[in-house]
Amino acid sequence: MATYILKRLFGMIPLLFGITIVSFLVIHLAPGSPVTIQTDLNPKMTAEARERLLKFYGLDKPLHVQYYNWVKHLVTFDLGRSFATDNRPVIDKIKERLPITIFINVLSLFLILMIAIPLGILSAVYQNSLFDRSTTVFVFIGFAIPTFWLALLLMILFGIQLDWLPISGLKSVNYEYLSAFNQLKDRAAHLLMPVLLSAFGGLAGFSRYSRSNMLEIIRQDYITTARAKGLSESQVIYKHALRNAFLPIVTILGLSIPALIGGSVIFESIFAIPGLGQLFYNAVMGRDYSLVMGELVIGALLTMLGNLLADISYALVDPRIRIK
Amino acid sequence: MKNIFLVFGLLCSIFFVSCEERSKAPDQGKKEAQTDRVAPPAYGDTIIEGSIGDASNLIAMLASDSASFDIAGLCYNGLVKYDKDLNLVGDLAESWDISADNLTISFHLRKGVKWQDGVECTAHDVMFGYQTIISPNTPTAYAGDFQEVAKAEVIDKYTFRVTYKKPFAPGLASWGSVVVLPKHILEGQDITKSSLTRAPMGNGPYKLKEWKTGEKIELVSNHDYFEGRPYVDGFVYKIIPDTATMFLELQAGNIDFMGLSPLQYLRQTKTKTFQENFRKYKYLSFTYTYMGFNLLNPLFQDKRVRQAISYAINKNEILEGVLLGLGEVATGPYKPGTWQYNPEVKAFPFDPEKAKALLKETGWADADGDGILEKNGKRFEFTVILNQGNNERRKTGEIIQRRLTEVGIKIKIRTLEWAAFINEYIDKKNFEATILGWTIGQDPDVFDIWHSSKTHFKELNFISYKNEEVDRLIMEGRHTFDREKRKQAYYRIQEILAEDQPYVFLYVPYALPIIHMRFRGIEPAAAGITYNFTKWYVTKAEQKYTIQP
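In order, the protein sequence lines correspond to chains A and B.
Mapped onto our numbering, the consecutive letters of the first sequence carry residue numbers 1 to 324.
Mapped onto our numbering, the consecutive letters of the second sequence carry residue numbers 1 to 549.
Rather than coming from a laboratory, the hints here were simulated on the basis of the structure.
Note that beta-carbon positions come from the ideal geometry of N, C-alpha and C, so glycine has one too.
One or more hints might be untrue.
Label pairs and their calculated CB-CB ranges [what the hints assert, rightly or not]:
{"id": "1", "chain 1": "A", "residue 1": "His73", "chain 2": "B", "residue 2": "Lys378", "range": "54 to 60 Å"}
{"id": "2", "chain 1": "A", "residue 1": "Asp60", "chain 2": "B", "residue 2": "Lys485", "range": "39 to 45 Å"}
{"id": "3", "chain 1": "A", "residue 1": "Ile160", "chain 2": "B", "residue 2": "Asn391", "range": "22 to 28 Å"}
{"id": "4", "chain 1": "B", "residue 1": "Asp190", "chain 2": "A", "residue 2": "Thr76", "range": "19 to 25 Å"}
{"id": "5", "chain 1": "A", "residue 1": "Leu63", "chain 2": "B", "residue 2": "Asn87", "range": "46 to 52 Å"}
{"id": "6", "chain 1": "A", "residue 1": "Val75", "chain 2": "B", "residue 2": "Tyr43", "range": "52 to 58 Å"}
{"id": "7", "chain 1": "A", "residue 1": "Leu29", "chain 2": "B", "residue 2": "Asp101", "range": "49 to 55 Å"}
{"id": "8", "chain 1": "A", "residue 1": "Phe77", "chain 2": "B", "residue 2": "Gly321", "range": "30 to 36 Å"}
{"id": "9", "chain 1": "B", "residue 1": "Thr415", "chain 2": "A", "residue 2": "Val75", "range": "38 to 44 Å"}
{"id": "10", "chain 1": "B", "residue 1": "Met517", "chain 2": "A", "residue 2": "Phe181", "range": "48 to 54 Å"}
{"id": "11", "chain 1": "B", "residue 1": "Glu406", "chain 2": "A", "residue 2": "His73", "range": "56 to 62 Å"}
{"id": "12", "chain 1": "A", "residue 1": "Ile160", "chain 2": "B", "residue 2": "Ser95", "range": "51 to 57 Å"}
{"id": "13", "chain 1": "B", "residue 1": "Asp190", "chain 2": "A", "residue 2": "Arg8", "range": "52 to 58 Å"}
{"id": "14", "chain 1": "A", "residue 1": "Phe181", "chain 2": "B", "residue 2": "Glu317", "range": "54 to 60 Å"}
Work out the full structure, taking the sequences as your base and the hints as a guide.
This is the structure in structure tokens:
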């Protein structure tokens, strides 16, 4: 097992480099550069000033030299400085937005699992019942409805007409003057709508997945055997079928790890949440090469680790699979 | 907040344009409500302004976004500023003298102005700022004006003198807050890594309390401000990237100040809550939208063709359709109501018959009866490019498309992502026509956009307009500080541009800010409303927030 993990970890290194080379090329192929985005159509801009900026960002050098310099920093775990006008270290910019992004994603993933899996299993057990059909409709509404639209409607309802919840942001203006308990309450109130909404959108995937898994499993021979030996229906479903139905969920969970640092731009913009989604979007629009590369490297690492984790945990929970 | 610098930038990308929507650079006050004075001004309260974008760098010369200029503008003062009527007046400089040959400007600084840490702000700080901005190691986009300077000297602690290579009238305004920096803190440091990029050490009315990236920037008033302590104690810049959310926050009373869209201004703020709690203002913004022709294209070389297109377009209809009437028709590159604006240039009212006649005169006729004009077997059709994410320009394009079809010209509209639009099409002059906007500078110099020497790669006369008289007049306007002489030059430039129609000038939109009723002392003027922000106040009884020290 240990050698397997080590082998996989070493295997990631060339893969990571492959990913960075492709990403580096692609982002540089896009028209424009950080300098042009900052200075285009600015009447005060002179050719000399443009040269100055190109030199400042190291963009006057050939592409392979730029890549070499970037990698040189990367191997010392330095993601470089942002190519935006703030010129801050990339890692700082990511770090300050990471906690809130992960927090919201973990919460909503947790909610999704708590709701979607039982929904899926019950839909499978009572396949084609009214319950199954109405759940299907419900989760697909969640999947299909545009988040921004629903978010605005909820904001109008809960934020303005009922005045129960704050509309956007993370904290109230008077946050620092609140007692510790009220601060907690304030934060929770701000998170309620975003978390519920993002969970609503994610229900469809997981519930469909667990439904189809369960449907497949209750048709297996060993379920027939369980029934044949006279077990009660609940024992058949909850003891024999359920445990097997959970298996593929483990894989999806592993694959969800990179999504924990992802965020939707639309979602974050509408709720004014300073998360990584907005950061990444603005980095791409501003051709902030180092920030884009920084986020991609972290994303790639998490994806690979997530895959590895999924494989390992699958082997741990399913006795039929053993890593040699 | 006095967006002297915003005008440097251009409202073109999605980002810039959206900032422009809440731009506070404005004109003649057409106030919606009275600015009454009931109770005496009092210190206290906080104003919360909604902004769609966060600032990036609070050393203004390193920044390129309007949010950064807004905040830095509240923390730093420069030698000169524009007053409410858009005259250049002294700020840190009490006065200045211009030498007879128009080459040298001597600024006389106020005594006793202090940086926030108590150190006096002197001519050495101006010199330091100047040296920083021209240093090749400073990544700034604003060095251009300062490279015209031949020599800068500190005569004594309170006298700063610059000598230009050639007389350069637009140079005077460049000595604003971008170029004054605290020497005692920044000297010997790498400015790009300085703590001042995120925590200003200014000489202005406000100082930074807290900046939570992507959430808010909080400022508190500087009690030692040289013009007197501002009345409003706190200023919060709340970042809400989505304008619909921002509007809901306004409605819920969580923000006090934002820029409205025409739809919000006319239709969505008619409720009782809004009428009882907010005041709306309306004045011309410092921007205009136009359709520009690539004059290298044979299609547009005859000015009669361009005039015909201008006659065929109904500008009032665009104004109604796109801005719900909240703007004015543009006639040239200046804002109506400013001293440089010439109200009497040749107008191009909607007149399809005249357009058709002019096109006929130039040899365009619909020979095959398909509704599209031809000349020498070639159909009159072209493509208008514009940038993605700007709905106003897209709608403008569609309205123009319809009107031009009526006179037999077929146009296609192509929308492109901003960077591709500029780098692959505009810069390479690889376009036929485009719909774009410019920010109108407070100074009327238009060298970069209209002078024939500015037609190279990445320069701003990308339509390749060449007119010797305009070239000469632009230089005349640059070389004298005499407003009357400058006015004559710019009046004539506008006449020529109107006659030539290298652009079809379309419209100047209104800025439409809304502010909570409790803020008093707001006096709309040519410069908009925020020029006297330090004099706004809330009476004791109406104060909503308290800043605890």
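Hint check:
{"no.": "1", "hint": "A/His73 <-> B/Lys378: 54 to 60 Å", "verdict": "holds (56 Å)"}
{"no.": "2", "hint": "A/Asp60 <-> B/Lys485: 39 to 45 Å", "verdict": "holds (43 Å)"}
{"no.": "3", "hint": "A/Ile160 <-> B/Asn391: 22 to 28 Å", "verdict": "holds (25 Å)"}
{"no.": "4", "hint": "B/Asp190 <-> A/Thr76: 19 to 25 Å", "verdict": "holds (20 Å)"}
{"no.": "5", "hint": "A/Leu63 <-> B/Asn87: 46 to 52 Å", "verdict": "holds (50 Å)"}
{"no.": "6", "hint": "A/Val75 <-> B/Tyr43: 52 to 58 Å", "verdict": "holds (56 Å)"}
{"no.": "7", "hint": "A/Leu29 <-> B/Asp101: 49 to 55 Å", "verdict": "holds (52 Å)"}
{"no.": "8", "hint": "A/Phe77 <-> B/Gly321: 30 to 36 Å", "verdict": "violated (55 Å)"}
{"no.": "9", "hint": "B/Thr415 <-> A/Val75: 38 to 44 Å", "verdict": "holds (42 Å)"}
{"no.": "10", "hint": "B/Met517 <-> A/Phe181: 48 to 54 Å", "verdict": "violated (34 Å)"}
{"no.": "11", "hint": "B/Glu406 <-> A/His73: 56 to 62 Å", "verdict": "holds (60 Å)"}
{"no.": "12", "hint": "A/Ile160 <-> B/Ser95: 51 to 57 Å", "verdict": "holds (52 Å)"}
{"no.": "13", "hint": "B/Asp190 <-> A/Arg8: 52 to 58 Å", "verdict": "violated (42 Å)"}
{"no.": "14", "hint": "A/Phe181 <-> B/Glu317: 54 to 60 Å", "verdict": "holds (59 Å)"}
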